[in-house]
Amino acid sequence: MKKIVFVCDVNNFPSGAFKFVENLNETEALLLTGAFFHSANFDVVAPATVEFAPEPILAFTDTDIKAVNSSIEKFEQKCKQNGIEYRVHEESDVFKLDDFIKETRFADAVVMSEQLFFSHIDVDQPNSFMKDVLHCSECPLLVIPEDYSPVTHITIAYDGKKEIMFAIKQFCYLFPQYTQLPTDIVYWVDKTDDEIPDLDYLEEFAGRHFSNLNFKELFFDPKQYIADWSRKNKNTIFISGSYKRSGLSSILKKNFVEDMIKHPSAILFIAHNR
Amino acid sequence: MIKVIAALDALKLSESTVDYSVYFAKEFNAHIVAAFLEEMVYHARPEADEDYVFTDWSQMDTLVKKEEQLRAVSKKNVQTRFEAEGVNYNIHRDKTFALKSLLRESHYSDMILIDENEKFSNWDSSKPSLFMKNLLSDADCPVIVVPAEFKPIEKFVFAYDGSPSSVYAIRQFSYLFPATPLKEVEILMITDDKHSNHFPNQHLLKELLKRKYATVLQSIIKSDHTDEALVKHLQAENKNCMLILGAYQRSSFSRWLYQSIADLLIAEVEIPLFIAHK
Numbered sequence: 001m002k003k004i005v006f007v008c009d010v011n012n013f014p015s016g017a018f019k020f021v022e023n024l025n026e027t028e029a030l031l032l033t034g035a036f037f038h039s040a041n042f043d044v045v046a047p048a049t050v051e052f053a054p055e056p057i058l059a060f061t062d063t064d065i066k067a068v069n070s071s072i073e074k075f076e077q078k079c080k081q082n083g084i085e086y087r088v089h090e091e092s093d094v095f096k097l098d099d100f101i102k103e104t105r106f107a108d109a110v111v112m113s114e115q116l117f118f119s120h121i122d123v124d125q126p127n128s129f130m131k132d133v134l135h136c137s138e139c140p141l142l143v144i145p146e147d148y149s150p151v152t153h154i155t156i157a158y159d160g161k162k163e164i165m166f167a168i169k170q171f172c173y174l175f176p177q178y179t180q181l182p183t184d185i186v187y188w189v190d191k192t193d194d195e196i197p198d199l200d201y202l203e204e205f206a207g208r209h210f211s212n213l214n215f216k217e218l219f220f221d222p223k224q225y226i227a228d229w230s231r232k233n234k235n236t237i238f239i240s241g242s243y244k245r246s247g248l249s250s251i252l253k254k255n256f257v258e259d260m261i262k263h264p265s266a267i268l269f270i271a272h273n274r
Numbered sequence: 001m002i003k004v005i006a007a008l009d010a011l012k013l014s015e016s017t018v019d020y021s022v023y024f025a026k027e028f029n030a031h032i033v034a035a036f037l038e039e040m041v042y043h044a045r046p047e048a049d050e051d052y053v054f055t056d057w058s059q060m061d062t063l064v065k066k067e068e069q070l071r072a073v074s075k076k077n078v079q080t081r082f083e084a085e086g087v088n089y090n091i092h093r094d095k096t097f098a099l100k101s102l103l104r105e106s107h108y109s110d111m112i113l114i115d116e117n118e119k120f121s122n123w124d125s126s127k128p129s130l131f132m133k134n135l136l137s138d139a140d141c142p143v144i145v146v147p148a149e150f151k152p153i154e155k156f157v158f159a160y161d162g163s164p165s166s167v168y169a170i171r172q173f174s175y176l177f178p179a180t181p182l183k184e185v186e187i188l189m190i191t192d193d194k195h196s197n198h199f200p201n202q203h204l205l206k207e208l209l210k211r212k213y214a215t216v217l218q219s220i221i222k223s224d225h226t227d228e229a230l231v232k233h234l235q236a237e238n239k240n241c242m243l244i245l246g247a248y249q250r251s252s253f254s255r256w257l258y259q260s261i262a263d264l265l266i267a268e269v270e271i272p273l274f275i276a277h278k
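Line by line, the protein sequences are chains A and B.
Quick note on numbering: the numbering used here labels position 272 of the first sequence as 272, and the sequence is numbered without any gaps.
Quick note on numbering: the numbering used here labels position 266 of the second sequence as 266, and the sequence is numbered without any gaps.
Since the hints were made in silico from the structure, they are not lab data.
Please note that a few of the clues may not be correct.
Unchecked claim - Ranges between beta-carbon positions, derived for each pair:
{"hint": "1", "chain 1": "B", "residue 1": "D192", "chain 2": "A", "residue 2": "K131", "range": "46 to 52 Å"}
{"hint": "2", "chain 1": "A", "residue 1": "G83", "chain 2": "B", "residue 2": "N240", "range": "39 to 45 Å"}
{"hint": "3", "chain 1": "A", "residue 1": "E146", "chain 2": "B", "residue 2": "K206", "range": "33 to 39 Å"}
{"hint": "4", "chain 1": "B", "residue 1": "G162", "chain 2": "A", "residue 2": "E146", "range": "33 to 39 Å"}
{"hint": "5", "chain 1": "B", "residue 1": "K206", "chain 2": "A", "residue 2": "L97", "range": "21 to 27 Å"}
{"hint": "6", "chain 1": "B", "residue 1": "G162", "chain 2": "A", "residue 2": "V123", "range": "36 to 42 Å"}
{"hint": "7", "chain 1": "A", "residue 1": "T152", "chain 2": "B", "residue 2": "K127", "range": "34 to 40 Å"}
{"hint": "8", "chain 1": "A", "residue 1": "G83", "chain 2": "B", "residue 2": "P178", "range": "33 to 39 Å"}
{"hint": "9", "chain 1": "B", "residue 1": "E67", "chain 2": "A", "residue 2": "D98", "range": "54 to 60 Å"}
{"hint": "10", "chain 1": "A", "residue 1": "E146", "chain 2": "B", "residue 2": "N240", "range": "49 to 55 Å"}
{"hint": "11", "chain 1": "B", "residue 1": "D138", "chain 2": "A", "residue 2": "K96", "range": "33 to 39 Å"}
{"hint": "12", "chain 1": "B", "residue 1": "I220", "chain 2": "A", "residue 2": "V189", "range": "54 to 60 Å"}
{"hint": "13", "chain 1": "A", "residue 1": "K131", "chain 2": "B", "residue 2": "K206", "range": "30 to 36 Å"}
{"hint": "14", "chain 1": "B", "residue 1": "I220", "chain 2": "A", "residue 2": "K262", "range": "46 to 52 Å"}
Backbone N, C-alpha and C define an ideal beta-carbon position, used for all residues, glycine too.
Just chain B, same shape as in the assembly (with noise of 0.2 Å):
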């Protein structure tokens, strides 16, 4: 039984990953530990105002006793569905620093789920968030991005360059997500190599998947623009897929050059990211 982490703000509860926990629970046998974090300057909004971004200090009190109802019923409502769904779980509460925590949960955890909109703060409008950017290149454990709504997932895609990074991401899915027969497994390179017509490695690739998947389609785009080409072509063909990518690795300079396409994946695709690096 793997252990997932479903990392939850319970200021503004994601149904996405309560969803998706409850998803990954029953499809793969989780056990799922719903995670509340909870940053120290990080506050609820005292009115539905979207404009308002200074805490009021004056009404502090207030506030604090505001949020323990609000953290209240957020842990209720996630109790009770996956009571009702007989999720296997546990609750944490992870105080004062959020990211510092939800890195420390990594390391005792075999993944991490968590909504693309995540940001732990009043302040950041950028997506994804500086939260989520720094949590996918520290995490201990991979990451899946869910988006903002809960599709079932039809489809595995592993994204696939040559890297190392990118090999290390499919064996440590298969791990986690063996073989079903009732999902479709895809290998796809994007390539700028009009003359390309073979996967880099392509022998070790097909003997390695073939260990692991009975069938697998494979696809190569050939395209100048690569990072336009595979936003098109999950908007287009994947909608109900999960990608698995090797991006945002530890090494300076391929972290940096994986980085911007997870980031654009995360603000422009609508699927669930399987993100693991070495």
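The shape of chain A in the complex, shown without the other chains (with noise of 0.2 Å):
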């Protein structure tokens, strides 16, 4: 049984990712955290006011409050609807970021909408807002497209890095309902005599979790035609490594999954061990 959160800002309610909570609940009985974030969070903006004016802000505040009852409204409503055991966080007014990794820390999994989050702030996605969550989630998060239809393939981003191997373990762990379904390790080639590494090992680990696997070598430039694969894979949960502050090879990792989010169409799966 698996306890997931449920990411949610005021205004956008991501109902591609409610779809797949369903599906997954149709194999798996889940318990539904909802974590609804305000736009603004008063304790952030006061101190930068220069003449305290709280007039603004708080009618601002209370027009963001009753947007996120109305979101809450219709997460309940649907989880009742689908027979999903739920809860909402409710410790104050204000969902702030600490409270988010507490929630993370004692939950399996995240699902947030891929294009929707925040958007009526910034439509340019990943935003700052998306990039916190990814940073500070302290499990596993899948990124959901809004026109999410069910999982029928499965692909890993391999690089032969140890991040990828602990989010292809983590993935095992939570959805070993998908590890029967088709699955494509992919190791993108630069040279033609380049070769996946640690091939033996990763076959040996591999076999044991995922029973329909196939490894490929790919040619082309991912960052160039990562928009094409993701349109031609749209049934497909992308499993990939670190997405991590630090260091520049989680840089490289970062641009490319900034670039599957740019393209929504695959289901991103991303765990990074902090």
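Build the complex: two chains, separate frames, hints provided.
This is the structure we're talking about:
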């Protein structure tokens, strides 16, 4: 039984992510925790004002709270309709990033929208709000496109690094029901004589967890053709490793994950061992 | 099916690691990889002489031949045992650098099983050995440190202190060892706060545990000397348990803080320890 954190902001209810949760709940009973982010955090805004005038902020906060309550109502209604056990984070009026981190510490996974998260403030995804969530989560995340359709395929972006192995392990533990699906372990080759690193070790591990496994070497530059690839692989969960703040290799991977989010089509599974 | 590395020294085969491998293979449907590790500068003692420290280089050829025989015997013993018990297994021989090979294995495995006395050195007399300390801090999968003598596990005890690392260990453990009706599960906190009757983030912890295990016993022990109290509690009441702890995490301060507890437990308590860190 899994505990999943459902991330939502004030104005944008992630319907694709909810459909994914509905499908998950059909195979295994879930506890869904609604994490509803407010647009403005009063604590952050107040010290920035030269002359403290709380009225406009209070009015904005009031509208914000009403919008959040309407999102929560929708969330509760949909959970009841689909027989999903749920809880709404209720500790304070403002949902802070610290609260989110604590929720993810005690959860198995996070689900969120690939396009909608705070898109009313910044439509260019991944925006700073989404980046914060991706960085700070203490459990794996699933970033789900709005036109979600059921998963029929798994793709693993393998690069021989320990980060991707960590992500593969977490995916197998969390979603064993998907390990029966056709699974491609993809290695993007720079030169024609490149070989898949540690292939024998990888085969030994993956063979224990996935039952329908293919290894593929791809020769195209993923950064250039990722949009095309993503469009053609709509029903796929794409497993990617690190999304950390530091290190050169993580910058490269980060760009890759960000490119995938910019061209939403496949579901992204991100796990990092911070 | 999970892939478990049984880390073995063929020059002094740990019967306990082999016993626990068979146990995990049967109880938790594990595939065992018997990894026979070798260290370039670690050789068998030519005689059964406890005071022997340095390798006698003049007898090197004889020694290497003897070692090969010993390795072949150990491998044969493990194969015979696994086949007799119907264990799914394969064998790796990791040459040259024991630690480096085992860390590489850890990227591609779900868990490592290792005897608490493994050293891969003739001169290291510390417990846990430097090899064990380095393994625990750098492994990329959870490590189960097993005692020298096999005891079937009747109870899982989670050492919880509210830290992200202790929650991480609980989560990783629950993925590898789902609930079985025959095993008791206990959550244990040792605190020096005499007024505390609650676990940190109690409602979130309960919510998580309820999803993983049907019944979880709760124990809070109050003591000024938390390390000693933990050792005493495990020695007295939990002789056949496995302790799950989030020690040896990579960030500097907390690593040193929890490392001392893990080291103490390895030295003082004869139970398997499941150690996972972020």
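Cross-check of the supplied hints:
| no. | hint | in the structure |
| --- | --- | --- |
| 1 | D192(B) <-> K131(A): 46 to 52 Å | 39 Å, violated |
| 2 | G83(A) <-> N240(B): 39 to 45 Å | 40 Å, holds |
| 3 | E146(A) <-> K206(B): 33 to 39 Å | 34 Å, holds |
| 4 | G162(B) <-> E146(A): 33 to 39 Å | 37 Å, holds |
| 5 | K206(B) <-> L97(A): 21 to 27 Å | 24 Å, holds |
| 6 | G162(B) <-> V123(A): 36 to 42 Å | 39 Å, holds |
| 7 | T152(A) <-> K127(B): 34 to 40 Å | 52 Å, violated |
| 8 | G83(A) <-> P178(B): 33 to 39 Å | 23 Å, violated |
| 9 | E67(B) <-> D98(A): 54 to 60 Å | 56 Å, holds |
| 10 | E146(A) <-> N240(B): 49 to 55 Å | 52 Å, holds |
| 11 | D138(B) <-> K96(A): 33 to 39 Å | 34 Å, holds |
| 12 | I220(B) <-> V189(A): 54 to 60 Å | 55 Å, holds |
| 13 | K131(A) <-> K206(B): 30 to 36 Å | 32 Å, holds |
| 14 | I220(B) <-> K262(A): 46 to 52 Å | 49 Å, holds |
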